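A.B. asks: Required output: the full structure, derived from the provided sequences and hints.
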Amino acid sequence: MSRFIALRLLQAIPVILAVITVTFFLVRVAPGGPFDSEKAVLPEVKAALEAQYKLDLPLFQQYTAYLGDLAEGDFGPSFKYPGRSVNELIEAGLLVTAELGLYALLIATLIGGLAGIFASLKPNSAQDYIPMSLAMIGICMPTFLLGPLLVLIFGIELEWLPVTGWGDIPGDKILPSITLGAAYAAYIARLSRAGMLEVLSQDYIRTARAKGLPEHRVVLKHALRGGLLPVIAFLGPAFAGLLAGSFVVETLFQIPGLGRFYVQAAFNRDYTMILGTTVFLSTLIVLFNLLSDILAASLNPRLRHQFHTGGMP
Amino acid sequence: MRRLSLTEFRRRAGLWFRLESTQERKRRRGFARFTKATCIGCLLTLVLAACMGGESNVERGNREGGLHYGNGAEPQGLDPHVVTGVPENHLLRALFEGLAVKNPYTLESEPGVAERWEFSEDRRVITFFINPEARWSNGDPVTADDYVWSWKRALHPDMGNEYSYMLFPVVNAEAFAKRELEDFSEVGVKAPDPSRLVVTLREPTPYFLQLMDHYSTFAVHRPTIEKFGKATDRFTKWTRVGNIVSNGPFELEEWLLNRRITMKKSDSYWNKDKVSLNKVVFYPTDNLVSEERGFRAGQIHYTYEIPLAKIPIYQAMEDTPYVQAPWIGTYYYLLNTTREPLTDPRVRRALAMALDRDTLARTVMEGSVIPAYSITPPNTLGYYPPKLFDYDPQGARDLLAEAGFPNGEGWPGLEITYNTLESHRKIAVAVQQMWKDALNIDITIANQEWKVYLDSVTTMNFDVARRGWIGDYVDANNFLDLFLENGGNNNTGFAEAYYDELILNLAPQAKTREERYARFFEAETMLMEQTPIIPIYTYTSRHLIHPSVCGIPSNLMDSLNLRYVWLDADRTSSSQPCESQSL
Amino acid sequence: MSDSGLTAIQDAEKGTSLWQDAWVRLRKNKLAVFGLIVLATMGVIALLTPWIAPYAYDAQNLDLGATPPSAEHFLGTDIFGRDMLTQIMYGGRVSLAVGLIATSVALTIGVTWGAVAGYVGGRTDAVMMRLVDILYALPFMIFIVLLMVVFGRNIILLFLAIGAVEWLTMARIMRGQVQSLRQQEFVEAAVSLGLPARTIIRRHLIPNALGPIIVYTTLTIPSVMLLEAFLSFLGLGIQPPQTSWGLLISYGAETMEEYPWLLIYPGLALTLTLFSLNYLGDGLRDALDVRGSKD
Chain A
20 MSRFIALRLL QAIPVILAVI TVTFFLVRVA PGGPFDSEKA VLPEVKAALE AQYKLDLPLF
80 QQYTAYLGDL AEGDFGPSFK YPGRSVNELI EAGLLVTAEL GLYALLIATL IGGLAGIFAS
140 LKPNSAQDYI PMSLAMIGIC MPTFLLGPLL VLIFGIELEW LPVTGWGDIP GDKILPSITL
200 GAAYAAYIAR LSRAGMLEVL SQDYIRTARA KGLPEHRVVL KHALRGGLLP VIAFLGPAFA
260 GLLAGSFVVE TLFQIPGLGR FYVQAAFNRD YTMILGTTVF LSTLIVLFNL LSDILAASLN
320 PRLRHQFHTG GMP
Chain G
5 MRRLSLTEFR RRAGLWFRLE STQERKRRRG FARFTKATCI GCLLTLVLAA CMGGESNVER
65 GNREGGLHYG NGAEPQGLDP HVVTGVPENH LLRALFEGLA VKNPYTLESE PGVAERWEFS
125 EDRRVITFFI NPEARWSNGD PVTADDYVWS WKRALHPDMG NEYSYMLFPV VNAEAFAKRE
185 LEDFSEVGVK APDPSRLVVT LREPTPYFLQ LMDHYSTFAV HRPTIEKFGK ATDRFTKWTR
245 VGNIVSNGPF ELEEWLLNRR ITMKKSDSYW NKDKVSLNKV VFYPTDNLVS EERGFRAGQI
305 HYTYEIPLAK IPIYQAMEDT PYVQAPWIGT YYYLLNTTRE PLTDPRVRRA LAMALDRDTL
365 ARTVMEGSVI PAYSITPPNT LGYYPPKLFD YDPQGARDLL AEAGFPNGEG WPGLEITYNT
425 LESHRKIAVA VQQMWKDALN IDITIANQEW KVYLDSVTTM NFDVARRGWI GDYVDANNFL
485 DLFLENGGNN NTGFAEAYYD ELILNLAPQA KTREERYARF FEAETMLMEQ TPIIPIYTYT
545 SRHLIHPSVC GIPSNLMDSL NLRYVWLDAD RTSSSQPCES QSL
Chain U
9 MSDSGLTAIQ DAEKGTSLWQ DAWVRLRKNK LAVFGLIVLA TMGVIALLTP WIAPYAYDAQ
69 NLDLGATPPS AEHFLGTDIF GRDMLTQIMY GGRVSLAVGL IATSVALTIG VTWGAVAGYV
129 GGRTDAVMMR LVDILYALPF MIFIVLLMVV FGRNIILLFL AIGAVEWLTM ARIMRGQVQS
189 LRQQEFVEAA VSLGLPARTI IRRHLIPNAL GPIIVYTTLT IPSVMLLEAF LSFLGLGIQP
249 PQTSWGLLIS YGAETMEEYP WLLIYPGLAL TLTLFSLNYL GDGLRDALDV RGSKD
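Protein chains in written order, with the numbering used here: chain A, 20 to 332; chain G, 5 to 587; chain U, 9 to 303.
Please note that the accuracy of each hint is not assured.
To be verified - Reference listing, derived: stretches of chain U covered by chain A, where coverage requires no fewer than 3 residues with Cβ under 8 Å from a Cβ of chain A: (1) 238 to 244; (2) 253 to 262; (3) 269 to 278; (4) 281 to 289.
Claimed, not checked - From the structure, some residues in chain G lie toward chain A, with a derived Cβ separation under 8 Å: (5) 294; (6) 455; (7) 500.
To be verified - In the BS3-like style, the derived pairs of lysine-lysine whose C-alpha atoms are separated by at most 30 Å in a straight line are: (8) 65/A - 38/U; (9) 73/A - 182/G; (10) 241/G - 73/A; (11) 73/A - 156/G; (12) 283/G - 58/A; (13) 234/G - 65/A; (14) 234/G - 58/A; (15) 65/A - 241/G; (16) 430/G - 58/A; (17) 73/A - 194/G; (18) 65/A - 182/G; (19) 194/G - 234/G; (20) 58/A - 241/G; (21) 194/G - 65/A; (22) 73/A - 231/G; (23) 58/A - 182/G; (24) 241/G - 268/G; (25) 182/G - 234/G.
Note that these hints are calculated values from the structure, not bench results. Just so it is clear, the structure is predicted and the values come from calculations on it, not from any experiment. Here a beta-carbon is modelled for each residue, glycine too, at the ideal position from N, C-alpha and C.
C.D. replies: This is the structure we're talking about:
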């Protein structure tokens, strides 16, 4: 097990390094620099700005300087918001996005998991088709379609819930979390249903039942572990997907989170912010994938000997 | 008939009629109960949230004297010599005060940090008398030396201040900023004693006092800045809450990134008795649709803008909170006169004449803008631009035929470049259609992301490019100096030596305002004869303002002076006049 | 035993090909059939759009503006006065095209990669799959946003970028398939005949691995379409004057209070198509995959 973890950690390092390098050079290639503005900038002013942000150094030197700063955990100053370091901006945005992601994941896992288990208990019946059709709709409806629809129904027509902000008005966290979690609830519902069905038809479940165990013991203690395995393996990619989804949800609901910062930074050519966010998020995703793999491996010993994820048939 | 086993029977009986065993039923029931409980729990939360409304920001603000103001984007920062935007303008003019401020009703200059000023005979030397009561928020008096040091910082070539050109009318300021001059003492700003600031200008500049209300000319507190790092370093923390020292009517209380900036009334401000608001909260509202919803929900008193689609709705309302007024800016299309077929002025004029600006303003822009036929907005402090053409599709066709493209034959094609924004797209699509209908020519449109677009414009890599220019001060000069031959914002290829002469020499040297305006008129006529740009409309400022807000009148600069603002909770309708403050 | 039982045994012995079996099973799945019909209809409409669209694509009527559904305009008009039905049809062309083309890109790269890795095995396989793992871990969404911001309006780039994200899982599946097929006797026979690897992969392995490939392709198209819609929503995908369902939805979302039909109809079109694709894919998976049964 520890060998598995060590190997996977080792695999993660070149990934992160590749991310840093590719992003660094990609951003520099983009047309339009951070200081281009509608009113022409005097060449002296531009030179002064570039000097302050070390853009006047040769490219490779900038790269090594950046790596050096990175080793100390310093992402550098933001280009767009002078006086703010990227660390600060990431921190501010991260707290919000993490909270949003957590609620969304909770909603997704709870609702999705329950729905899937529920459906799996009586396959091919109404109890099965209805939740699964809803799940399918959830998968097919993009977040940026569901969001406005929910806003239209609950925020504007019924006026039950606020439609902007995060933490300013009580209840403004509900709609964004549901919007973000809905698609994942749908996936998780299907996954848990499939997993549960596969497990419930196994012999050892039949044995447990034959032994006379009460149904909830059978489900909770024996079936759940194996049945939810695909769900747990899914959590890693789900996290990455949640992040992508947060771009949209944060823009829709005007939430000051990391996703929105990232998109804005890309548009603003805020080099350090783009780099910092990319590196940070990539590291998070890699770690999360790793955690998810470890969790899955601990639940399913067969996986420990696979060196690739997706070795599962 | 074959006897079927129980399983066989079940399978054949069809999925819907499958019999349940007792176990399965118990399972299902137990689960159903659990799911039901969760659902009820969720619904309860929703209902609770809905009921928990409480007092809105506007209601609470009216009660406590706090204004909730939608301010567009999150500011780049709060250092007056570093930032460059309009949202920053409102914030900085609340925190700091310039030598002179603008009266929001008349746009005339009024005493700020300077209690009065005197002009020399030739109007090239201005002596500002600093108000002895003017204080920094930490109690230090504001002195003329603060200004000398601050202007040195603003002009310093290492600072990278994009607005340093605001101070270029001052003798030798430009040379210092371009490193042609090392010694700041040769720049025309001196403090013979702490209460007097003597400014020497290159030539008489009628709008100079207006510039004193722009944040790039504000004074900053030297000890504070030097405490946190080098004076020309952009990244120091001197503007943070708790660090910042300012001299304006409000002090910084809270700065939550991307959430809000809260300011409270300053105790050290010399004119604090005239300030009615106790608190101002600025919200970053870059999404217009959300901002308008926030306004309706009572979250803010004032919106920065309004989505186009909402304008007709608000205009049709009786007693509408919608306020629209001309704004000192022009929306126009740049024409690259160095590219075929735009090298021919007849082609350019034909394109300008084939645009139905009235229909455009009425339909695409929902009647919220004013058609423009020249670069300077009308009535810029009494100056009216020339109008050399009008909407004339037949005339345009004739001109185009004369230029060699009768009925659009042989037209090589043209592309309109614009930066990605819904309203720009709408206009470009409409213009494309208008030119097709009137002149039978094919036009393509292309949107570019902001930075790419800026790059294209600067490197003149376009045929027709959309442009907007908002004035920094109310004077025709800051529109006409765009088209100087070496103007960094020219981007059209237009260059006339006499035009430069008029703008740079003859107009500033005029003795009277009439003479000066006559020179401008001459120059602008020269400009529009060549039609290097196609003016489309004059900007308007558009805001939703809650009726309880008094003291934000419309003016050409869309200039806010928070000193004049007060909240009247009893004023529930916009048609009710604002009773003056009882101060 | 009765006659019917005997006939049943004889029928079973007649033998059917995998495809025929699969088709029979698929036909029974009502939802999958529904999906197939919807998709076929959409496809036909998309192909014939330039001829059957009620209005010209760029026919705008500024004075009309946005109007709700009426007799002249079945699905209403947008803010330029352009017919929504026409817009949705043309948007569908683009969205479906992006879906198909990007998926083909992913398919080509992924299948080839996976087949080679699975067949050759050993070191090469390890290296190739390690690369896939590394790429899999990259947060592609972030890169795509950056790529589109940087290089913008190029629709070719959009295809490539999206295709480049989706090929990875395809490669994995193909590799798994090839690995299990490689053990089979017919492959050993081909090897002993002296056939070059290229031919074996092309003529024996790929056709036999087609089952999961088809299923996965049908399931990739919707996620590609979602990705395109997502990018267009952020302003980074399809650019005007071209239109796509994603773009239409993003415009509709802005004005959904005043003109809800601008959001609802494109949204419906997209959701319905994705729905159909997903159910078809599910149905195909159930039909082709002998192992994973539901009950």
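A.B. asks: Run every hint past the structure and note whether it holds.
C.D. replies: To see whether the hints hold, each was checked on the structure:
1. For a cut-off of 8 Å, the count of residues in the region 238 to 244 of chain U with a CB near a CB of chain A stands at 3, and the three-residue condition holds.
2. Coverage of the region 253 to 262 of chain U by chain A holds. Counting CB-CB distances below 8 Å, 5 residues qualify, and the rule asks for three or more.
3. With 3 residues carrying a beta carbon less than 8 Å from a beta carbon of chain A, the region 269 to 278 of chain U meets the three-residue requirement, and the given coverage holds.
4. Only residues whose C-beta sits within less than 8 Å of a C-beta in chain A count toward coverage, and the region 281 to 289 of chain U has 4 of them, enough to reach three; the restraint holds.
5. With its C-beta approaching chain A no nearer than about 4 Å, residue 294/G sits inside the 8 Å limit, and its interface hint holds.
6. Hint status for residue 455/G relative to chain A: holds, with the closest Cβ pair at about 3 Å, below 8 Å.
7. Because the closest C-beta pair between residue 500/G and chain A is about 19 Å apart, greater than 8 Å, the hint is violated.
8. A C-alpha spacing of about 66 Å is found between residue 65/A and residue 38/U, which places the hinted pair above 30 Å, so the restraint is violated.
9. With a C-alpha separation of about 20 Å, the suggested pair residue 73/A and residue 182/G falls inside the 30 Å cut-off, and the hint holds.
10. Restraint check for residue 241/G and residue 73/A: satisfied, since their Cα atoms lie roughly 19 Å apart, inside the 30 Å limit.
11. Of the pairs offered as hints, the one joining residue 73/A and residue 156/G holds, with about 23 Å between alpha carbons and a cut-off of 30 Å not exceeded.
12. For the hint linking residue 283/G to residue 58/A, the alpha-carbon distance of about 33 Å lies beyond 30 Å, and the restraint is violated.
13. This hinted pair checks out: residue 234/G and residue 65/A have alpha carbons roughly 19 Å apart, not beyond 30 Å.
14. A C-alpha spacing of about 27 Å is found between residue 234/G and residue 58/A, which places the hinted pair at or below 30 Å, so the restraint holds.
15. Between the alpha carbons of residue 65/A and residue 241/G the distance comes to roughly 22 Å, so the proposed pair stays at or under 30 Å and holds.
16. For a cut-off of 30 Å, the pair hint linking residue 430/G to residue 58/A stands: about 24 Å separates their Cα positions.
17. The hinted pair formed by residue 73/A and residue 194/G fails the criterion: a straight-line CA distance of about 34 Å is larger than 30 Å.
18. For the given pair, residue 65/A sits about 11 Å from residue 182/G by alpha-carbon distance, which is consistent with the 30 Å threshold.
19. A C-alpha spacing of about 23 Å is found between residue 194/G and residue 234/G, which places the hinted pair at or below 30 Å, so the restraint holds.
20. A hinted pair counts as satisfied when its Cα atoms are at most 30 Å apart, and residue 58/A with residue 241/G qualifies at roughly 27 Å.
21. At most 30 Å may separate the alpha-carbon atoms for a hinted pair to count; residue 194/G and residue 65/A meet this at roughly 28 Å.
22. For the given pair, residue 73/A sits about 23 Å from residue 231/G by alpha-carbon distance, which is consistent with the 30 Å threshold.
23. Distance hint between residue 58/A and residue 182/G is fulfilled; the C-alpha atoms sit about 18 Å from each other, no more than 30 Å.
24. Between the alpha carbons of residue 241/G and residue 268/G the distance comes to roughly 20 Å, so the proposed pair stays at or under 30 Å and holds.
25. A hinted pair counts as satisfied when its Cα atoms are at most 30 Å apart, and residue 182/G with residue 234/G qualifies at roughly 20 Å.
Hints 7, 8, 12 and 17 from the earlier list are contradicted by this structure; the remaining hints agree with it.
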